[in-house]
Amino acid sequence: MRWLWRVVVLVAGVGAWQLWASGAKSTFFPPPSAIVARMYHLWFSGPAAHLFLTPDATGNILPSLGRMLAGLAIATAIAFPLGIALGRSPVVTSYLNPLLQFARALPVVTLAPVFIVLFKLGTQMEIATIAFGTIWPILLNTIDGAATVDPQHLETGRAFRLSAWQRLVWVIIPASLPKAFAGFRLSLSLALILMVFSELVGSSNGIGYELSNATNSFDMTLVWSTIVLLGILGYLLNALLGGAERLVLSWRTSGGQE
Amino acid sequence: MLEVTDLTKTYGHGDAAHLAIDRVSLNVARGELVSIVGPSGCGKSTLLRCVGGLIGPTAGRVVLRGEPVAQVPAGLAVVFQDYGRSLYPWLSVRDNVALPLRRTTRSRAERRKAAGASLDAVGLPGVGDKYPRQLSGGMQQRVAIARALTADPVLLLMDEPFGSVDAQTREDLEDLILRVRRERGITILLVTHDIDESVYVGDRVVVLTPGPGRVRADLPVTLPEPRDQITTKELPEFVRLRTEVSRLVRSRDTATLP
Chain A
1 MRWLWRVVVL
11 VAGVGAWQLW
21 ASGAKSTFFP
31 PPSAIVARMY
41 HLWFSGPAAH
51 LFLTPDATGN
61 ILPSLGRMLA
71 GLAIATAIAF
81 PLGIALGRSP
91 VVTSYLNPLL
101 QFARALPVVT
111 LAPVFIVLFK
121 LGTQMEIATI
131 AFGTIWPILL
141 NTIDGAATVD
151 PQHLETGRAF
161 RLSAWQRLVW
171 VIIPASLPKA
181 FAGFRLSLSL
191 ALILMVFSEL
201 VGSSNGIGYE
211 LSNATNSFDM
221 TLVWSTIVLL
231 GILGYLLNAL
241 LGGAERLVLS
251 WRTSGGQE
Chain B
1 MLEVTDLTKT
11 YGHGDAAHLA
21 IDRVSLNVAR
31 GELVSIVGPS
41 GCGKSTLLRC
51 VGGLIGPTAG
61 RVVLRGEPVA
71 QVPAGLAVVF
81 QDYGRSLYPW
91 LSVRDNVALP
101 LRRTTRSRAE
111 RRKAAGASLD
121 AVGLPGVGDK
131 YPRQLSGGMQ
141 QRVAIARALT
151 ADPVLLLMDE
161 PFGSVDAQTR
171 EDLEDLILRV
181 RRERGITILL
191 VTHDIDESVY
201 VGDRVVVLTP
211 GPGRVRADLP
221 VTLPEPRDQI
231 TTKELPEFVR
241 LRTEVSRLVR
251 SRDTATLP
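Line order of the protein sequences matches chains A and B. Reminder that position 5 of the first sequence reads as 5 in the numbering used here, one-by-one numbering, no gaps. Reminder that position 241 of the second sequence reads as 241 in the numbering used here, one-by-one numbering, no gaps.
Calculated directly from the structure, the hints in this document are not laboratory data. It is possible that some hints are incorrect.
Here are the computed distance ranges between Cβ atoms for each label pair [claimed, not checked]:
(1) B/S40 <-> A/L106: 32 to 40 Å
(2) B/S136 <-> A/G59: 19 to 27 Å
(3) A/Y95 <-> B/A29: 48 to 56 Å
(4) A/S33 <-> B/G126: 56 to 64 Å
(5) A/V92 <-> B/R247: 51 to 59 Å
(6) B/S164 <-> A/L249: 20 to 28 Å
(7) A/A49 <-> B/G126: 44 to 52 Å
(8) A/V92 <-> B/R61: 32 to 40 Å
(9) A/D150 <-> B/G126: 24 to 32 Å
All C-beta atoms, glycine included, are put in the ideal place defined by N, C-alpha and C.
Between the sequences and the hints, there should be enough to build the whole structure, so can you do that?
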């Protein structure tokens, strides 16, 4: 029954917005019906063969998602192995820690000018911004996970004569995964923000680019459409990650106690 | 079979140095079950870890089957006190039990078969697909014993193996150990703080002094086989032994065996 209440609350919220917006007739706050119609018309009224995506959708939404995933993939490919290695090397980590904390504390948006100079405007700069911003939560959480592997788990691995490689694969990595996932979850929401931001700064396509165009032409319905689209994408990506997490970490939840 | 000579272990250096065990000597014959008792902090666990090659001694030597022990030797298995932390929660019960074969047996089918046989031997058929978390404490400790059996050990080290289960389960597990030892002729070194248990399962009881641990007494147990939780424990000989061990454990006297 809980899901029913969730639907009721959602519908009531959108309904209230609709009532208010159609009454107010403000150009800045178009009613949800107009936003949904615009979203459908602009992005989701394409041919079935293209999964109903219009050329505008394939030309903007897909490149945005592609850059976001590329940035996240680069960040993960660097941060996860590095995090495991540093987590198992407490001395090195204690030396590096001030540097890591400093790098993490940098607001990545302020580094955008540096990336623009380094990579020129466009895809490379955007991916670099996303990757640099999302690397820290994954790295720091993985370090924490690998550093706090239960010593008893490690001793058990040695007692049964697992090789160093087997201890890494069967003990250290699985034990670090829950925290690494927590970091990845933070990075995912960060990636969405950085994707839009980097496209606002300079891009020739993408959701952020559409948003920036819409703002310049005072097309408030389009502005709201992109905002709602970003909300939906964020929600879907999070749900997808939740599913992946349940799959990979099924040992934490599956089945009941006897 | 196992010869421990003048084994000494000091933790730390200088002023912070802590002498855990001091010149402990001990010989164990093939197939013997030796209980090691002593007050808490007497270095029982340190002794066991040195014998198992999990930590290096500061001085003295351990020889197993004529070979000096420098690191964890082949043919060794360990059952730790804290089953919750020594079983891997991310592996199924079957994969946990098959762990000792990871390095030696390439065939997955063979590993699974051996794990199944071990689970049968400890009276837990049919739980292979579950996760450790889904089993009760006593069952998890059975799984830990099954895992040790999979290693087909010549020497089994048990570090307060039944310290965290209820009394009834504890008696069942003691009888399980006596049975597998009878069936397989495994040599067992069992550390415990429970005096009744040390006498009930042991062929010999070695009493250590309060830290630093030294051998205070080495008593032969002359109780008839097979042992029984009720009838063995009402024998005058059992009562005499448990009283003697109890007195030795509690004694503040620092006299040790020559």
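Here's how the hints hold up against the structure:
1. Between B/S40 and A/L106 the beta carbons are some 50 Å apart, a value that contradicts the proposed interval 32 to 40 Å.
2. Taken as a hint, the range 19 to 27 Å is violated for the pair B/S136 and A/G59, whose Cβ atoms sit roughly 59 Å apart.
3. Distance hint check for A/Y95 and B/A29: the Cβ-Cβ separation is about 51 Å, which falls inside the suggested range of 48 to 56 Å.
4. Our hint of 56 to 64 Å for A/S33 and B/G126 holds, since their Cβ atoms are close to 58 Å apart.
5. The given range of 51 to 59 Å is respected by A/V92 and B/R247, whose C-beta atoms sit roughly 52 Å from each other.
6. For the hinted restraint 20 to 28 Å between B/S164 and A/L249, the CB-CB distance of approximately 26 Å keeps it satisfied.
7. Distance hint check for A/A49 and B/G126: the Cβ-Cβ separation is about 51 Å, which falls inside the suggested range of 44 to 52 Å.
8. Look at A/V92 against B/R61: about 34 Å separates their beta carbons, and that is inside 32 to 40 Å.
9. Checked against the given bound of 24 to 32 Å, the beta carbons of A/D150 and B/G126, roughly 28 Å apart, stay inside it.
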